[in-house]
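For chain A, the structure is supplied; the task is to place chain B on it using the hints.
There are 2 protein chains.
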Amino acid sequence: MKKTNPHRPGWRRTTPIEGSYRSIFKWGAPDGFKHPNDKLYSFLKEALRMTDADFDQPGSQGDEPVKLPPQAPVGISDRHLAHFIALVGDENVNADDFSRLKYSSGKTTEEALALRRHHAVNIADAVVHPRHAEDVIEIVGYCDQHRIPVTTYGGGSSVTLGLSPVKGGVILVTQTHMNRVLDFSEKNQTITVECGMMGPAYESLLNNAPDHFDTGRRYTGGHFPQSFEYSTIGGWIMARGSGQQSSYYGDACDLVLSLNVVTPAGTIKTKNFPSAATGPAIHDFFKGSEGTYGVLVNATLRIFRHMPKHRKRFCFIFPGWTDAITAVRDISQGEFGMPSMLRISDAEETAIGLKQFGIDGTLADMFITARGYKPGIRCIGIGHTEGEKKFSKCVYRNIRKICRGHGAMSLTGYPVRKWEQSRFSDPYIREDLNDFNLIIDTLETSVTWDNLIPVYDRVRGYIKSRPLTICMTHCSHFYPQGTNLYFIFIGRFESSRSYIDFQRGIISAIADSGGALSHHHGIGKMAAPWMDAYLGPEQMAALRCLKKHFDPNGIMNPGGTLGLDPEIH
Amino acid sequence: MKKTNPHRPGWRRTTPIEGSYRSIFKWGAPDGFKHPNDKLYSFLKEALRMTDADFDQPGSQGDEPVKLPPQAPVGISDRHLAHFIALVGDENVNADDFSRLKYSSGKTTEEALALRRHHAVNIADAVVHPRHAEDVIEIVGYCDQHRIPVTTYGGGSSVTLGLSPVKGGVILVTQTHMNRVLDFSEKNQTITVECGMMGPAYESLLNNAPDHFDTGRRYTGGHFPQSFEYSTIGGWIMARGSGQQSSYYGDACDLVLSLNVVTPAGTIKTKNFPSAATGPAIHDFFKGSEGTYGVLVNATLRIFRHMPKHRKRFCFIFPGWTDAITAVRDISQGEFGMPSMLRISDAEETAIGLKQFGIDGTLADMFITARGYKPGIRCIGIGHTEGEKKFSKCVYRNIRKICRGHGAMSLTGYPVRKWEQSRFSDPYIREDLNDFNLIIDTLETSVTWDNLIPVYDRVRGYIKSRPLTICMTHCSHFYPQGTNLYFIFIGRFESSRSYIDFQRGIISAIADSGGALSHHHGIGKMAAPWMDAYLGPEQMAALRCLKKHFDPNGIMNPGGTLGLDPEIH
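Chains A and B, in that order, give the protein sequences.
If you read the first sequence in the numbering used here, its first letter stands for residue 1339, the second for the next number, and so on.
If you read the second sequence in the numbering used here, its first letter stands for residue 1339, the second for the next number, and so on.
No incorrect hints appear here.
Note that identical chains are pooled: a pair holds if it fits in a single copy or bridges any two copies.
In the DSS-like style, the derived pairs of lysine-lysine whose C-alpha atoms are separated by at most 25 Å in a straight line are:
no., residue 1, residue 2
1, K1739, K1525
2, K1383, K1756
3, K1731, K1647
4, K1756, K1727
The set of hints was computed from the structure by calculation and includes no laboratory data.
With the rest of the complex left out, here is chain A (with noise of 0.2 Å):
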């Protein structure tokens, strides 16, 4: 029997053309691409009852160049602007159309599908790239004095309209120049960057200390999230950010020794004491603020030991959910240090996981479900150890025992590496499933292992009820008190609107179910009308309080982020 090529989708592998709607909203490297494979484009056909000829042309694909309407004037006058190239230099200061769109856009999917059609609202009058602390300063300080709002743009991967400036004014572009180390201290492990380092240049310094600073180790910064190519130091910690190793690592926020911050009531520069007992931690106020308070110019982080060859992978099948979950539980309890990346699958994503794995299918897989591990109930577990070699092993071999105790068995470390390859890559495979109509988005919560069940039943339980919808479910942050949940759907929709609609549905059922806002993607302007009901009058009431104080004059990311100006939204 002879076997045909399958059908292929004409997936974009072209990059944007420069200037264009598309460079701004794809994500990552203009000529980076991550296309569906033969099976998951299969799959996508089954689930949502598509055919080839839904594949065969695509939507607008947003290649034209970007030209802002006429109501989207400069609402700041020639003699700020003329103030902003006096101190910067003109060469540090932007009021084309292009810049000003890119500048004022983050990857939000309602973002990209407006975006796609040409459609821009909430852009900065002029977007400017400071060169160091000293030029935040004056210009959070004239800006304030002539009460022009300020938005700071890092890496630009935010997805809860983080960025979105409602009213204007200026975006600060910290990525240009404000990405230098400014001291390193091999004694202390500490390192003190500017706030728009990019995770790949931070990493890569640190795992070439040796030749960058002269020190006898290699170091980690520890902190993976997927935007981490596209991601600034200063969005870790203003967002309270995780990554992939976190577990291990710590969270951002547990990254930080101390923030230097740019707020119009002064500046703040925090102790750098590993631990104090005076009074509350001042940079406490910063983590998760979101912009809304000032503007973190530089920050002093926790560095770790790189050792690579340390590192032990693992995977295994779990019979069901309850089981994986309970594995990890125990895992998280155990007290025996953690992994350094762990996930957790639900049924419907270990399914796509699979085939994007390549094991669907296979005699390895015939061999697994022979072994009773059910297509469409079992559940993947993967993951890796760091740390010192014989810590490294002792987490894996805890892990290991623990896993099988729970009826779990090991598909090698293969999974892993395959999922180390495309680690930073998934988010990739927006556009092209954008490009054809379809859209994925994704979600996320924070919850207690009590209230794990619950909240996944309740949320996976709205997505689902819509026909016709995908819905991948996982855990991959652990803490011995509970995890995130992160849900990814993917579906078709009539309009942006009944996509938003729906999106929003999504946040409610979460904040119905009793999960956290968010876990890891921060509020923005997106879950921002959430947050009184959330939070309460009285933590609501201490927000603003600091707001107030930080800035009075409500110029730092205004118009909704976090809640804190609801009336102005």
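Relative to the frame of chain A, chain B by itself:
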């Protein structure tokens, strides 16, 4: 040669008389004592150039019944007292001299010295024992309305003038009734307890969880400050405490999942998530607020599996102080998990420690000396590991390897067992010394590794510049980025004033050398005068902004705590 019985001073072996000053200032259990052993007594005489005659007659022992001077009248009206009685019952309100003084006093050395002299300052007008959170809400609301100061008494073990109700008012004693478990979740490994639960009751509940909560496992709270037996959970959190095992379990702040705080501006009950990206974490605003924002009524804390059988004890003798420091830094940065307890002593503390452990002058001592560990230079390090069996062993083996790599020799686990026997009893020695006009006191600071020696040299230099003054120093809480430095001094002072001046000079030396004003004792009213210079005006303004918000009328622990209201100090 016949050995004569050595002279022994008449160390006090009788419990304080009920209602006496001594019953207030004496540390811990009324019938608890720790007398200097013969070797330590000899050492004290030698080091301080004293003779047996100096220990013939004790000074004032504070055995007289408490009687407040007429200039300390009840400052709140009978109407207010009647209100409190109507609210909580007659049995839960005290306005007698003894109760007022007892619950207005912490364990700061200068408080003890003053009480010995019947000198009573800063006394509350009334003592109220709230029965539950609702009582606290009522009382705080009433006091806010009537501008009556409110100070919270937890375990009463503050050594920073944390109580000391400068403006009088009401003391809320939480340990009397508010010591219940409100919730327990084995699945989440959390417990919700009222603020007034004492350390031993808490730990006993958790160790015996199978009996109390029908759990499958035993648990530990992991928090063991030296004041353990006379400290409360509320105090641990609100003063940012640390314990002897915090290097492994985390500082008090790290144990908190959520807090419930009653403030004049309303009740703050934070969310119970292990981590969340929903704006600044509001529970962090209260950690270390030392009662100036509100009353912590209950908290949900992380608990840990209790596996004492896995404990591995170790003790090493290092050639010198820098060897010991380098070793513990290497341990803290080693990425193999942390020991549960670890402490290195400088040469002076080592010399005294070897006397206390009964090693000094023995054959073992001669052997150690012969091996090149010279008295006066050598330094001792002790500790133990915990957790899962293989993990604990792995940590131990790494520590052993590192210590040996820094020239240390193992002294077996014996000194650790000795230390464990007296881990909470050392403070009892203060009364014996004070009885004979010797003063012992402690101050601590937090340092990064690169600042350890400069701070040590400066502070120790200051202490040793005073003639005939013993100074023992150790590090006992470890982080990859640094440690705490703990100074103990003993000397004879001609007056309380001269002692206080000298002690304040130590705080100045710490501040001037760049150490933190406190690592885990807190600030209270003692270090408060240094806060403005320490944090700077911008950070103090942020703390005062929250003070104004939560406590607009300045009734919560007023009179200078944390330096938030210095104008009324």
